[in-house]
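Undergrad: So the chains spell out like this:
There are 2 protein chains.
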Amino acid sequence: MKQDTKYKILEAGAEIVHRKGFNHTGIKEILDAAQVPKGSFYFYFKNKEDFGLHLIDYFEEYFSNIIKDIFNDSSLSPLEKIRTLLSTSKEHFKSMDYCCGCPIGNLAQEMGDLSPAFQARLKKSVDSMADYYREILLQAREAGEISEKLDIKEASHFIVFAWHGALTHMKIAKSAEPLEIQERFIFDYILKP
Amino acid sequence: MKQDTKYKILEAGAEIVHRKGFNHTGIKEILDAAQVPKGSFYFYFKNKEDFGLHLIDYFEEYFSNIIKDIFNDSSLSPLEKIRTLLSTSKEHFKSMDYCCGCPIGNLAQEMGDLSPAFQARLKKSVDSMADYYREILLQAREAGEISEKLDIKEASHFIVFAWHGALTHMKIAKSAEPLEIQERFIFDYILKP
Numbered sequence: 024m025k026q027d028t029k030y031k032i033l034e035a036g037a038e039i040v041h042r043k044g045f046n047h048t049g050i051k052e053i054l055d056a057a058q059v060p061k062g063s064f065y066f067y068f069k070n071k072e073d074f075g076l077h078l079i080d081y082f083e084e085y086f087s088n089i090i091k092d093i094f095n096d097s098s099l100s101p102l103e104k105i106r107t108l109l110s111t112s113k114e115h116f117k118s119m120d121y122c123c124g125c126p127i128g129n130l131a132q133e134m135g136d137l138s139p140a141f142q143a144r145l146k147k148s149v150d151s152m153a154d155y156y157r158e159i160l161l162q163a164r165e166a167g168e169i170s171e172k173l174d175i176k177e178a179s180h181f182i183v184f185a186w187h188g189a190l191t192h193m194k195i196a197k198s199a200e201p202l203e204i205q206e207r208f209i210f211d212y213i214l215k216p
Numbered sequence: 024m025k026q027d028t029k030y031k032i033l034e035a036g037a038e039i040v041h042r043k044g045f046n047h048t049g050i051k052e053i054l055d056a057a058q059v060p061k062g063s064f065y066f067y068f069k070n071k072e073d074f075g076l077h078l079i080d081y082f083e084e085y086f087s088n089i090i091k092d093i094f095n096d097s098s099l100s101p102l103e104k105i106r107t108l109l110s111t112s113k114e115h116f117k118s119m120d121y122c123c124g125c126p127i128g129n130l131a132q133e134m135g136d137l138s139p140a141f142q143a144r145l146k147k148s149v150d151s152m153a154d155y156y157r158e159i160l161l162q163a164r165e166a167g168e169i170s171e172k173l174d175i176k177e178a179s180h181f182i183v184f185a186w187h188g189a190l191t192h193m194k195i196a197k198s199a200e201p202l203e204i205q206e207r208f209i210f211d212y213i214l215k216p
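Chains A and B, in that order, give the protein sequences. Using our numbering, you'd call the opening residue of the first sequence number 24 and step up by one each time. Using our numbering, you'd call the opening residue of the second sequence number 24 and step up by one each time.
This is chain A alone, in the form it adopts within the complex:
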C-alpha cells in the first residue's frame, strides 16, 4: 500500500514534469494530481532533488521496457528494430501533438548544470540508452547491415543526442519533420553497409 502511494506520486509527477519542466513544477501540484495526503511526499522522498532522482529511475524503467520489447523481437533485423523504435516514438509524439519530448533529454538540459546529483544520474541514463543502441549495432554489423568501419560506440551516442536535438526542434516545429530528417540522415548516411 505504501509503495502504491509512492508510485502514485511518481506517476503524477512524471506527467507534470514531462510537460512543464522540473523547476516549474511544485510539490503541492504533484500531490494534488496524485490525490495522496499532503504529508506523504517527505515520507518517501528526502527533498525535491531526491524525488527528481527517483523520477529519472521511473522514466528510465519506462523507456527500457519499450526498447527491450522492440529490441527483443526476433522477427526483426537489427536495423529494422531501430526503425521500429523510431517510428513507434514518432507515432507516440504525433498522438501528443508533438509536445514534451524526451523526459531524460529535457532534464539533462534543465538540470545538468544545477545539480551534480542530477548530472551524474542523467549521464548514467543517457549512457544506458546508448548501450541499447550499441548492442543492436553490434548485431547489425554481424548481420552485414552496417559498415565494418563504423565506430559503434560513438555512433550509438551520436544517435541518442541527435534524437534529443530532433525532439527539441519538434517541440517548436510542432511537427514530425525534425524526427523524419533525423531518421533519414541516420539511415542514409550512417547506418548503412
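Hints are computed from structural coordinates only; laboratory data are not their basis. Quantities reported herein were computed from a predicted structural model and do not represent experimental measurements. Errors might be hidden in some of the hints.
[What the hints assert, rightly or not] The list that follows gives simulated cross-link-like pairs (lysine-lysine, DSS-like), each with its CA atoms no further than 30 Å apart:
hint: 1; chain 1: A; residue 1: LYS31; chain 2: A; residue 2: LYS61
hint: 2; chain 1: B; residue 1: LYS51; chain 2: A; residue 2: LYS43
hint: 3; chain 1: A; residue 1: LYS197; chain 2: A; residue 2: LYS146
hint: 4; chain 1: B; residue 1: LYS43; chain 2: A; residue 2: LYS51
hint: 5; chain 1: B; residue 1: LYS91; chain 2: B; residue 2: LYS215
hint: 6; chain 1: B; residue 1: LYS71; chain 2: A; residue 2: LYS197
hint: 7; chain 1: B; residue 1: LYS61; chain 2: B; residue 2: LYS29
hint: 8; chain 1: A; residue 1: LYS172; chain 2: B; residue 2: LYS215
hint: 9; chain 1: B; residue 1: LYS71; chain 2: A; residue 2: LYS43
hint: 10; chain 1: B; residue 1: LYS147; chain 2: B; residue 2: LYS71
hint: 11; chain 1: B; residue 1: LYS176; chain 2: A; residue 2: LYS215
hint: 12; chain 1: B; residue 1: LYS69; chain 2: A; residue 2: LYS43
hint: 13; chain 1: A; residue 1: LYS43; chain 2: B; residue 2: LYS29
hint: 14; chain 1: A; residue 1: LYS117; chain 2: A; residue 2: LYS69
hint: 15; chain 1: A; residue 1: LYS71; chain 2: A; residue 2: LYS43
hint: 16; chain 1: A; residue 1: LYS113; chain 2: B; residue 2: LYS172
hint: 17; chain 1: B; residue 1: LYS197; chain 2: A; residue 2: LYS69
hint: 18; chain 1: A; residue 1: LYS176; chain 2: B; residue 2: LYS69
hint: 19; chain 1: B; residue 1: LYS215; chain 2: B; residue 2: LYS172
hint: 20; chain 1: A; residue 1: LYS113; chain 2: B; residue 2: LYS146
hint: 21; chain 1: B; residue 1: LYS117; chain 2: A; residue 2: LYS147
hint: 22; chain 1: A; residue 1: LYS172; chain 2: B; residue 2: LYS69
hint: 23; chain 1: B; residue 1: LYS43; chain 2: A; residue 2: LYS29
hint: 24; chain 1: B; residue 1: LYS147; chain 2: A; residue 2: LYS117
hint: 25; chain 1: A; residue 1: LYS91; chain 2: B; residue 2: LYS197
hint: 26; chain 1: A; residue 1: LYS172; chain 2: B; residue 2: LYS197
[What the hints assert, rightly or not] Computed beta-carbon distance windows for the label pairs:
hint: 27; chain 1: B; residue 1: SER97; chain 2: A; residue 2: LEU99; range: 49 to 57 Å
hint: 28; chain 1: A; residue 1: ASP27; chain 2: B; residue 2: GLU84; range: 51 to 59 Å
hint: 29; chain 1: B; residue 1: ARG207; chain 2: A; residue 2: PRO139; range: 23 to 31 Å
hint: 30; chain 1: B; residue 1: GLU203; chain 2: A; residue 2: ASP80; range: 25 to 33 Å
Using N, Cα and C, we set each Cβ at its ideal position, and we do this for glycine too.
Please build the complex by placing chain B on the supplied structure of chain A, with the hints as guidance.
TA: The following block gives chain B in isolation, referenced to the frame of chain A:
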C-alpha cells in the same frame, strides 16, 4: 540613456537565464544583477514573456555576429568555415567548464510547449541558424566540397539539431566529447564529396 537601461536588463537576464533557465529566473534577480531601478522592468517589457521574447532577439543577434564574422572570412573554404565555427564554439564551452549550452536550444526545450509566442519566435530563430548553414553548404557544393546529392535544406537543419543535442549531452558529460563526436560524424559521413 533609456536604451542603456533596457540593454543592461537584457544583458544581465541573458547571463542568468542561460545558466539557470527561464522559469527558474526571477525578475528581481535580473534587476539586482543589472543594478537598475526596480521599476524599470515594466517600463521596457510588458511582462516576463515579453522580456523573454526580447531575450531571444538579444541571443540571436549575439550568435549572428559570431557566425557572420566566421562565415564572411574569405580566407576559409566553405567547410573550413563550419569547422572554425564548431572549434570556436568548443573552445568557448571549454572556458565555461562545459556548462549552459545554447540559449536558443535551451529555450526551445524549456518553453516550446509553454508559450505559443516563444514557440513561434524560437522556430524562426532556429530556422535562421539553419539558413546560415544552408548558404555555406550551397557554397560548399559549388566548391565541390560536398556531394551533389546532399539535400542541403535538410542537412542544415540536421546539423543544427544534432548540435543542440550534443550540447545537451555536453552539460551532463561535462566534457567536449559529445561535441567532438558530433563534429566527426557530420564531417566523416555527411559533409563530404
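Undergrad: Please work out if B:LYS61 and B:LYS29 have their alpha carbons no farther apart than 30 Å.
TA: 12 Å, holds
Undergrad: Hinted pair, alpha-carbon criterion (30 Å max): B:LYS91, B:LYS215. Please report holds or violated.
TA: 23 Å, holds
Undergrad: Are A:LYS71 and A:LYS43 close enough, with their CA atoms no more than 30 Å apart?
TA: The given pair, whose Cα atoms are some 15 Å apart, holds under the 30 Å limit.
Undergrad: A range of 49 to 57 Å was offered for this pair. Does it hold for the Cβ distance of B:SER97 and A:LEU99?
TA: Cβ of B:SER97 to Cβ of A:LEU99: about 51 Å, so the range 49 to 57 Å holds.
Undergrad: Tell me if the beta carbons of A:ASP27 and B:GLU84 are separated by a distance inside 51 to 59 Å.
TA: 52 Å, holds
Undergrad: Decide if the proposed pair is consistent with the structure: B:LYS147 and B:LYS71, CA atoms, cutoff 30 Å inclusive.
TA: Within the cut-off at roughly 20 Å; holds.
Undergrad: For the pair supplied as a hint, A:LYS117 and A:LYS69, confirm whether the alpha-carbon distance does not exceed 30 Å.
TA: At roughly 36 Å apart (the allowed maximum being 30 Å), A:LYS69 and A:LYS117 break the hint.
Undergrad: Would you say the C-beta atoms of B:GLU203 and A:ASP80 sit inside 25 to 33 Å of each other?
TA: 30 Å, holds
Undergrad: Within a Cα-Cα threshold of 30 Å, do B:LYS51 and A:LYS43 meet the stated pairing?
TA: Status holds; Cα separation ~22 Å.
Undergrad: Against the 30 Å threshold, does the CA-CA distance of A:LYS172 and B:LYS197 hold or violate the hint?
TA: Roughly 28 Å between the alpha carbons, so the hint for A:LYS172 and B:LYS197 holds.
Undergrad: For A:LYS113 and B:LYS146, compute the direct alpha-carbon distance and say whether it is at most 30 Å.
TA: Distance ~20 Å between A:LYS113 and B:LYS146 Cα, so the pair holds.
Undergrad: Regarding the pair A:LYS91 and B:LYS197, is the alpha-carbon distance no greater than 30 Å?
TA: Answer holds: A:LYS91 to B:LYS197 is near 29 Å, not above 30 Å.
The structure does not agree with the numbered hints 14, 18 and 22 stated previously, though it agrees with the rest.
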